[in-house]
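Participant: Sequence:
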Amino acid sequence: MLAALLVPVQVFAQDSFAAARDLYASAAYDDALLVLNRLDISGRPPADRLQVNQYRAFCLLALRRTEEAEKAIEAVVADEPMYHPAGAEASPRLISAFAAVRQRVLPTIVQQKYAHAKAAFDRQDYAASLVEFDQVLQVLGDADLRDASARPPLSDMKTLASGFRDLSARAAVPAPAVAAAVATPPPPAVPVPAPNRIYDMNDRGVSLPVTVRQELPAFPAGAGAAGQGVLEVIINEQGLVETARLRASVNPRYDSVVLSAARSWRYKPATMAGVPVKFRKMITISVKP
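1009 is the number of the first residue of the sequence shown in my numbering; add one for each residue after it.
One or more hints might be untrue.
Label-pair distances were calculated between CB atoms; the ranges are [as the list claims (entries may be wrong)]:
#1 1269 to 1046: 57 to 67 angstroms
#2 1027 to 1292: 47 to 57 angstroms
#3 1251 to 1051: 26 to 36 angstroms
Since the hints were derived computationally from the structure, they do not count as laboratory data. Positions of the beta carbon are idealized from the N, C-alpha and C atoms, including for glycine.
Modelling step: build the complete structure from the supplied sequences, incorporating the hints.
Facilitator: Right, here's the structure in full:
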């Protein structure tokens, strides 16, 4: 779980870090910085790096070395996105500096975390994706991202992360253990498709649709930048695309072209117990102009 608590630095730096902290408390910022810069934190756990970079930022801000301080703050936020300065050291100037850097770097960090969570989901590591999507939603709910998370692309990411988080939670629950019966168990019940229900990849007993034709149109010339989008299609019992909508935009000009093309795609429909059923399919679209 992400946390804003400080964890004591390990033995490798304990004495030196304590000395640097005492020097900072006595306003000997240059001397404290010299001690901190001598500490080798490469390859150390995030908790070690966090406190060292935290006090480096404090010292650099006190010395008005703003650009260097921002680099140190970036290192803190990279290790702990939910970190907020608190306690006696949290002056209004320091809080403002951390907030400014967090507003600048958190959108990139949360997009990286989303990609990592989605990769865990795609390889069906649902326990890991559940934890990571929770972290994505926690960062998106941070006060410093309030404005940015209310607008695309972060607002779209929040919707997707919430949906994938719920899918992960359902898929991560282990099947209940069943005691072995002495008598010969009855044959398993044959699943019966529910009328008008839309199934997805998490429904048991459903054979996934098979692609017959699913071709993306060419990216329009001069359309500008393209990102990674997510397209949701509902495939009906005849293998036709009944509805298509973009859960995350690729490019404003390309989106309508994709939606138009999707309606002509064809599939061998999903089935349950040999009966065709409606199916919701999520398609990730990555386009390079």
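Participant: Is the hinted range of 26 to 36 angstroms satisfied by the C-beta distance from residue 1251 to residue 1051?
Facilitator: violated, 51 angstroms
Participant: Could one say that the CB atoms of residue 1027 and residue 1292 fall in the range 47 to 57 angstroms?
Facilitator: Roughly 51 angstroms apart at Cβ, these two residues keep to the hinted range, so it holds.
Participant: Does the hinted range 57 to 67 angstroms hold for residue 1269 and residue 1046 at CB?
Facilitator: holds, 60 angstroms
In the structure shown, a violation is registered for the earlier hint numbered 3 alone.
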